[in-house]
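*Asks:* Produce the entire structure from the sequences given, and follow the hints as far as they go.
Number of protein chains: 2
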Amino acid sequence: MQTTTDEIRDSMASSSWIRRMFEKGLELKRQFGEDAVCDFSLGNPDVPPPGTVRYALESIAVAATKPLGLGYCPNAGIPAVREAMAKYLSRQQQTDLQPQHVVMSVGAAGAMVSFFRAVIEPGDEVVVPAPYFVEYGAYCGHFGGKLKPVPSLPPTFSPDVAALRAAVTPKTRAIIVNSPNNPTGCIYSEDDLRAIAAIVDDENKRREREGGRAMFLLSDEPYRAFAFDGASVAPALPLTRWCCVLGSFSKTLSLAGERVGYFAVNPAMPGAEELVAAVTLTTRTLGYVNAPVIGQQLAAALLDETVDLEIYNRRRLMMAEALKGAGIEFELPKGAFYFFAKSPVEDDLKFVDALLEEKILVVTGKGFGFPGYVRLSCCVDEKIIARSADGFKRAMEKFR
Amino acid sequence: MQTTTDEIRDSMASSSWIRRMFEKGLELKRQFGEDAVCDFSLGNPDVPPPGTVRYALESIAVAATKPLGLGYCPNAGIPAVREAMAKYLSRQQQTDLQPQHVVMSVGAAGAMVSFFRAVIEPGDEVVVPAPYFVEYGAYCGHFGGKLKPVPSLPPTFSPDVAALRAAVTPKTRAIIVNSPNNPTGCIYSEDDLRAIAAIVDDENKRREREGGRAMFLLSDEPYRAFAFDGASVAPALPLTRWCCVLGSFSKTLSLAGERVGYFAVNPAMPGAEELVAAVTLTTRTLGYVNAPVIGQQLAAALLDETVDLEIYNRRRLMMAEALKGAGIEFELPKGAFYFFAKSPVEDDLKFVDALLEEKILVVTGKGFGFPGYVRLSCCVDEKIIARSADGFKRAMEKFR
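Chains as they are written, first to last, in my numbering: chain W, 1 to 400; chain F, 1 to 400.
What the hints contain is simulated information worked out from the structure, not anything from laboratory work. Treat the hints with caution; some may be incorrect.
[Said to hold, decoys possible] Listed next, the in silico DMTMM-like pairs over lysine to aspartate or glutamate satisfying Cα-Cα at most 20 Å (straight line):
(1) Lys171(F) / Glu210(F)
(2) Lys66(W) / Asp160(F)
(3) Lys342(W) / Glu331(W)
(4) Lys66(W) / Glu210(F)
(5) Lys342(W) / Glu397(W)
(6) Lys66(F) / Glu7(W)
(7) Lys66(W) / Glu382(F)
(8) Lys383(F) / Asp6(F)
(9) Lys334(W) / Glu358(W)
(10) Lys171(F) / Glu382(W)
(11) Lys146(F) / Glu305(F)
(12) Lys146(F) / Glu7(W)
[As the list claims (entries may be wrong)] Computed spacing ranges between beta-carbons, pair by pair:
(13) Glu329(F) / Pro79(W): 34 to 42 Å
(14) Lys324(W) / Thr52(F): 49 to 57 Å
(15) Ala63(W) / Pro154(F): 36 to 44 Å
(16) Pro122(F) / Ala166(W): 28 to 36 Å
(17) Lys171(W) / Leu26(F): 38 to 46 Å
(18) Glu121(W) / Leu26(F): 42 to 50 Å
(19) Tyr55(W) / Lys205(F): 37 to 45 Å
[Unchecked claim] Here are some, though not all, of the chain F residues that point toward chain W, as calculated from beta-carbon distances under 8 Å:
(20) Met1
(21) Thr5
(22) Asp46
(23) Val53
(24) Glu58
(25) Arg91
(26) Gln92
(27) Ala109
(28) Ile120
(29) Arg213
(30) Glu258
(31) Thr285
(32) Val289
(33) Ile384
A virtual CB, placed ideally from N, CA and C, is assigned to each residue, including glycine.
*Replies:* Shown next as structure tokens:
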């Protein structure tokens with residue numbers, strides 16, 4: 001007899017190639033030793049958290065054994081943390097936010113799922129520039145939403161604004177922007193962001209006249225701090241009153257496992273209060289209940305800090321050298337910590353396999369809705385990147 | 001224009017009486033001072049966590065600033081924690097569990113939502129003895145499941161096994177048991193549990209012959225450690241191979257805000273491995289990603305400890321005195337930390353209001369699918385219970 005649903009069974013089958021890759025990696029590491037394998041497949045930030053994490057945790061430890069020291073907090077977050085976040089996001093987003101515009105969440109992922117639960121009706125569409133973080137599909141799919149990917153423009157992978165506009169229908173409930181982008185590392189220009197916000201505004205004006213539920217601009221910003229070569233990431237929240245922002249401390253503070261993120265809404269949005277109440281409700285009813293209280297306190301204590309971003313910058317430059325030396329085509333990413341490099345053959349799985357033979361692990365572009373490319377993550381030590389250079393060359397020679 | 005869905009808007013409206021009560025409580029506390037109000041409405045464990053929480057957190061602090069010290073862990077949990085949990089649950093459930101039978105979760109709530117996402121098809125029914133923790137409805141409702149409450153037998157609120165059997169249809173995907181029970185404090189006898197497990201086994205035998213997906217016994221056990229007067233809580237996992245168990249450390253270690261729980265499956269279940277893989281997948285795709293790593297480590301370090309349960313026992317006996325003194329009908333709970341007391345009038349909201357006038361906050365039985373009763377939580381200091389005794393008397397006088 002079947003234990004799971006057909007849909008979940010299909011999901012397991014379709015994600016099994018990622019699993020195969022993961023298992024292949026484990027096998028290689030077992031066979032040749034951890035150090036022999038160049039694993040660029042994982043986005044698990046390995047740069048140590050700031051040293052102050054230790055002292056912050058020690059302070060939390062002292063208070064933890066008081067009554068309610070680690071008890072439930074309000075579903076939207078610890079009041080003092082929401083207050084600190086409102087100030088922090090007000091500066092970052094150049095928008096005057098109050099604590100009641102912020103909900104603390106179980107990572108950026110938890111924020112997005114809570115948001116979709118609050119707004120998605122079955123059949124709703126969510127427009128997203130491709131390539132994209134593949135879990136977006138599941139996040140809205142749980143509630144009957146459907147992702148509508150719109151290819152971005154290689155080689156920079158800036159968004160195709162005209163195509164995004166053309167993709168909007170009366171069923172479109174949101175456009176997701178993710179800048180700096182996973183997997184491309186592209187930082188969207190302020191002009192592009194404005195143009196995308198205008199799509200949302202224009203559509204909402206039409207809906208105000210002709211009926212229909214609101215459409216949102218959803219800015220997913222876990223990589224906001226990761227901007228190099230003097231690039232800046234424009235605030236998204238002020239671009240349209242229909243904007244929601246979400247993010248996390250997973251990458252900026254290397255706290256990914258502790259699951260702390262946030263959701264914030266433009267205070268000028270009509271119905272902003274109801275939306276925040278709805279996201280607070282779904283945070284509860286989806287079983288998150290509240291963002292982990294230790295993580296919330298840690299994040300609040302370290303709001304003005306980040307991990308050493310220069311480490312990621314050095315890796316980025318070193319990875320560029322390694323790829324260039326092998327003749328692999330790529331655009332130097334200005335943001336995040338990924339490279340989205342062109343496969344020398346149309347079927348990028350063949351390239352993935354050739355790299356595997358060199359004990360180099362990367363992720364197929366198919367995993368991001370954009371075949372013909374592979375994603376490489378810089379969440380590894382410089383010496384591993386240095387060691388991979390020859391392997392890249394040998395793999396490329398197979399396609400000459 | 002509408003921001004949220006109709007369904008979420010309805011949920012917000014229907015939970016607004018709880019909110020009104022919460023706000024009434026805040027108002028009373030503001031007006032008369034925190035100490036003047038006897039708030040028995042909240043199940044937020046206020047007994048301090050064991051002192052070792054502090055030392056465990058300090059150890060975690062030292063390791064936290066290493067690379068990946070607080071990074072992502074596998075979606076099913078930190079391997080060492082799963083291993084410790086498998087041993088712990090093997091003893092507790094008298095069933096030989098391996099780490100691959102356990103998934104760490106964002107509280108028991110996160111475990112249940114992940115489970116329902118893995119198994120519920122739209123239209124599926126989930127049978128539950130009433131009164132019940134009202135969020136169960138939302139947990140399965142997110143995915144089109146429907147709760148089917150079956151009244152338990154007052155005054156003890158032991159489950160009505162015959163009625164549960166009669167409630168099962170080909171659409172039934174699970175029976176939830178929650179013992180010790182929220183809100184009644186009832187500990188189900190081993191005989192009752194066996195009889196409920198037999199319903200599941202009988203139905204699955206029929207389905208094996210005639211077709212259909214499996215039906216599960218889902219044992220929700222966050223209060224397992226809370227058993228008084230020498231009562232014992234029988235292990236549920238061995239009762240049927242179709243049993244899944246979930247629980248948390250929210251109550252036993254007063255860690256509710258840190259969101260750590262677990263899901264475990266009977267290894268003899270046909271398809272157990274697929275079910276665990278599915279729950280691991282949904283843990284990821286629902287945005288939990290993994291249970292908070294600090295909480296996981298804390299729980300693993302304190303597996304053999306609990307808060308001081310004698311504090312809850314003393315409160316229980318004191319609450320019994322206070323209710324008895326006022327002539328309120330109740331069954332002395334053997335488990336958990338709640339009283340489910342009979343309202344002196346049919347409409348228990350009238351009783352709730354009369355208690356409010358005495359600055360005593362309780363929750364209407366309607367909030368648990370069982371009107372005519374109110375729930376009182378013992379998550380408050382003894383002196384508050386003592387102080388409430390006269391208020392109970394005065395409130396009861398109104399109904400004579």
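*Asks:* Each hint needs a verdict: does it hold in this structure or not?
*Replies:* Here is what the structure says about each hint:
Taking the CA atoms of Lys171(F) and Glu210(F), the gap is about 13 Å. The hint holds against a cut of 20 Å. At roughly 41 Å between alpha-carbon atoms, Lys66(W) and Asp160(F) are farther apart than 20 Å, so this suggested pair is violated. Among the hinted pairs, Lys342(W) with Glu331(W) is consistent with the structure: their alpha-carbon atoms are about 9 Å apart, no more than 20 Å. Under the criterion of a C-alpha separation no larger than 20 Å, the hint pairing Lys66(W) with Glu210(F) is inconsistent with the structure, at around 56 Å.
The straight-line distance between the Cα atoms of Lys342(W) and Glu397(W) is roughly 15 Å, inside the 20 Å bound, and the hint therefore holds. In summary, the hint linking Lys66(F) to Glu7(W) is not supported, as the alpha carbons are separated by about 39 Å, beyond the 20 Å threshold. For a cut-off of 20 Å, the pair hint linking Lys66(W) to Glu382(F) stands: about 17 Å separates their Cα positions. Taking the CA atoms of Lys383(F) and Asp6(F), the gap is about 44 Å. The hint is violated against a cut of 20 Å.
At roughly 28 Å between alpha-carbon atoms, Lys334(W) and Glu358(W) are farther apart than 20 Å, so this suggested pair is violated. A threshold of 20 Å between alpha carbons decides the hint, and for Lys171(F) with Glu382(W) the separation of about 56 Å lies outside it, so the pair is violated. Of the supplied pair hints, the one linking Lys146(F) and Glu305(F) is violated, its CA atoms being roughly 37 Å apart against a limit of 20 Å. A distance of roughly 19 Å separates the Cα atoms of Lys146(F) and Glu7(W); the hinted pair therefore holds under the 20 Å criterion.
At roughly 39 Å, the beta carbons of Glu329(F) and Pro79(W) sit within the given window of 34 to 42 Å. Checked against the hint of 49 to 57 Å, the pair Lys324(W) and Thr52(F) passes, with Cβ atoms roughly 54 Å apart. Restraint check, Ala63(W) to Pro154(F): a C-beta distance of roughly 42 Å satisfies the suggested window 36 to 44 Å. For the pair Pro122(F) and Ala166(W), the beta carbons lie near 32 Å from each other, so the given range of 28 to 36 Å is met.
Evaluation of the 38 to 46 Å hint for Lys171(W) and Leu26(F) yields a pass: the beta carbon distance comes to about 41 Å. Distance hint check for Glu121(W) and Leu26(F): the Cβ-Cβ separation is about 34 Å, which falls outside the suggested range of 42 to 50 Å. For Tyr55(W) paired with Lys205(F), a C-beta distance near 59 Å fails the hint of 37 to 45 Å. The criterion of a C-beta within 8 Å of any C-beta in chain W is met by Met1(F), whose closest approach is roughly 4 Å, and the hint holds.
Annotation: interface hint on Thr5(F) holds; nearest CB of chain W at approximately 5 Å, less than 8 Å. For Asp46(F), the suggested interface contact is upheld, since its CB lies about 5 Å from the closest CB of chain W, less than 8 Å. This hint holds: Val53(F) has a C-beta 5 Å from the nearest C-beta of chain W, less than the 8 Å allowed. Interface restraint check for Glu58(F): the shortest CB-CB distance to chain W comes to about 5 Å, inside 8 Å, so the restraint holds.
For the restraint placing Arg91(F) at the interface with chain W, the shortest Cβ-Cβ distance is roughly 25 Å, beyond the 8 Å limit, so the hint is violated. For Gln92(F), the shortest C-beta to C-beta distance to chain W is roughly 22 Å, which exceeds 8 Å, and the interface hint is violated. Restraint check, Ala109(F) versus chain W: the minimum CB separation of about 3 Å is within 8 Å; hint holds. Using the Cβ-Cβ criterion of 8 Å, the hint placing Ile120(F) at the interface with chain W is satisfied: the shortest such distance is roughly 7 Å.
Hint status for Arg213(F) relative to chain W: holds, with the closest Cβ pair at about 5 Å, below 8 Å. Taken as an interface hint, Glu258(F) checks out: its beta carbon lies about 5 Å from the nearest beta carbon of chain W, inside 8 Å. The criterion of a C-beta within 8 Å of any C-beta in chain W is met by Thr285(F), whose closest approach is roughly 4 Å, and the hint holds. Satisfaction of the interface hint for Val289(F) is found here, the shortest Cβ-Cβ separation to chain W being roughly 6 Å, below the 8 Å cut-off.
Among the interface hints, the one on Ile384(F) is violated; its C-beta lies about 13 Å from the nearest C-beta in chain W, farther than the 8 Å criterion.
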